[in-house]
Amino acid sequence: MRFAVIQFGGSNCDRDVQYVLSDVCGVDVDLVWYKERLLRPYDAVVLPGGFSYGDYLRAGAIAARTPIMDDVTRHAAGGALVLGICNGAQILAETGLVPGVFTINAYPKFICRWVHVRVENAASPFTSEFQKGDVIRIPIAHAEGRYVATADAVGSLNTGDRIAFRFCDNKGSITDEANPNGAAENITGVLSKTGNVLAMMPHPERASEAVLGSTDGKKIFDSMIHHIEQKA
Amino acid sequence: MKFDVTITISLKEGMLDPEASAIKNAITNLGYPTESLRTARLFRIRLDANDREAAKAMAQKMCERLLANPVIHRYEIEVAG
Numbered sequence: 001m002r003f004a005v006i007q008f009g010g011s012n013c014d015r016d017v018q019y020v021l022s023d024v025c026g027v028d029v030d031l032v033w034y035k036e037r038l039l040r041p042y043d044a045v046v047l048p049g050g051f052s053y054g055d056y057l058r059a060g061a062i063a064a065r066t067p068i069m070d071d072v073t074r075h076a077a078g079g080a081l082v083l084g085i086c087n088g089a090q091i092l093a094e095t096g097l098v099p100g101v102f103t104i105n106a107y108p109k110f111i112c113r114w115v116h117v118r119v120e121n122a123a124s125p126f127t128s129e130f131q132k133g134d135v136i137r138i139p140i141a142h143a144e145g146r147y148v149a150t151a152d153a154v155g156s157l158n159t160g161d162r163i164a165f166r167f168c169d170n171k172g173s174i175t176d177e178a179n180p181n182g183a184a185e186n187i188t189g190v191l192s193k194t195g196n197v198l199a200m201m202p203h204p205e206r207a208s209e210a211v212l213g214s215t216d217g218k219k220i221f222d223s224m225i226h227h228i229e230q231k232a
Numbered sequence: 001m002k003f004d005v006t007i008t009i010s011l012k013e014g015m016l017d018p019e020a021s022a023i024k025n026a027i028t029n030l031g032y033p034t035e036s037l038r039t040a041r042l043f044r045i046r047l048d049a050n051d052r053e054a055a056k057a058m059a060q061k062m063c064e065r066l067l068a069n070p071v072i073h074r075y076e077i078e079v080a081g
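Going down the list, the sequences are from chains Z and U. Residues in the first sequence are numbered consecutively from 1, following our numbering. Residues in the second sequence are numbered consecutively from 1, following our numbering.
So here's chain Z without its partners, still in its complex pose:
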């Protein structure tokens, strides 16, 4: 089993994700500079958080048009798992691997804090270690994380069970007060139609060790590993 973590200029969570995958979860990981392309097949590709291209134009817009994203799209089409975290989520939305866009927060400032999210789909390759309805604690850190999509797109996410996570309060209620960035229907984790691509704004790698205050995020990586093991 081998994971790739893609580094763009301005990625800054790449080594955190690599560390959690290799040292905490115990899987093989390659850090791949975007110009090197994906030269071998990977079981999973992670697009980490950061500020690729300085968030110029729109967060994720320029990284989404780099040639390595053709490799990522090919991996996704071939059934590999693709996880986009924060800036990675913005890149996946800009690439069109998930619908919608993550744009400027309703209150337009950078938010960096712990939030609660509710697991809406516990059957995906990224969430199978959870129970549906679980309330997990995980950090967010973004200025452009407000999920926006057409009413039709949000409708088909709902009917297709493609919403992985929604912002909630500590009891699991989906309220406006618990929605830090004004995201449509509190959505902050979106699955592709095929279910093997997840774009999420919260940072699971920052919640993968007890010393960091939560291990809820690790379950996302564990779910992916479990899924890959079962496929093999």
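Derived from the structure by calculation, the hints contain no laboratory data. Bear in mind that the values here come from a model prediction, so they are computed numbers and not experimental data. Be a bit skeptical, because a hint or two may be false.
Claimed, not checked - Every beta carbon over 12 Å from chain U, so not counted as near; a handful from chain Z, in silico:
#1 Gly60
#2 Asn105
#3 Ala178
Claimed, not checked - Below, computed lysine to aspartate or glutamate pairings styled on EDC-like, alpha-carbon distance capped at 20 Å:
#4 U:Lys12 x Z:Asp152
#5 Z:Lys109 x U:Glu19
#6 Z:Lys109 x Z:Glu177
Note that CB positions come from ideal geometry on N, CA and C, so glycine has one too.
Put chain U on the given structure of chain Z with help from the hints.
Chain U only, in chain Z's frame:
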């Protein structure tokens, strides 16, 4: 031929524009009663094309492929030269 293309990209009607709200508040605080304020982003591009239509078509492709995000944006293209 060289053409000067101006592309204006703005949020679609009804889209929340947090930046515009903040600026509108600041302008109002300066004493200018402001009914509404929208922001837009303007790109000035000089490009080579066979004719004006081709220049416009090229600018349209630029918008579709990179400059605008169709989920939230609308755009206008003007060609001079």
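Here is how each hint holds up against the structure:
1. A Cβ of chain U approaches the Cβ of Z:Gly60 within 12 Å, the least distance being about 10 Å, so the stated non-interface status is violated.
2. A cut-off of 12 Å between C-beta atoms contradicts the statement that Z:Asn105 is not in contact with chain U; the least separation is 7 Å.
3. The claim that Z:Ala178 lies off the interface holds: its Cβ sits roughly 18 Å from the closest Cβ of chain U, which is beyond the 12 Å cut-off.
4. Between U:Lys12 and Z:Asp152 the alpha-carbon distance is near 16 Å, which keeps this suggested pair within the 20 Å criterion.
5. Restraint check: the Cα-Cα separation between Z:Lys109 and U:Glu19 comes to about 10 Å, which is no more than 20 Å; the hinted pair holds.
6. About 16 Å separates the Cα atoms of Z:Lys109 and Z:Glu177, which keeps this hinted pair within 20 Å; it holds.
The structure fails hints 1, 2 (numbered hints given earlier, in ascending order).
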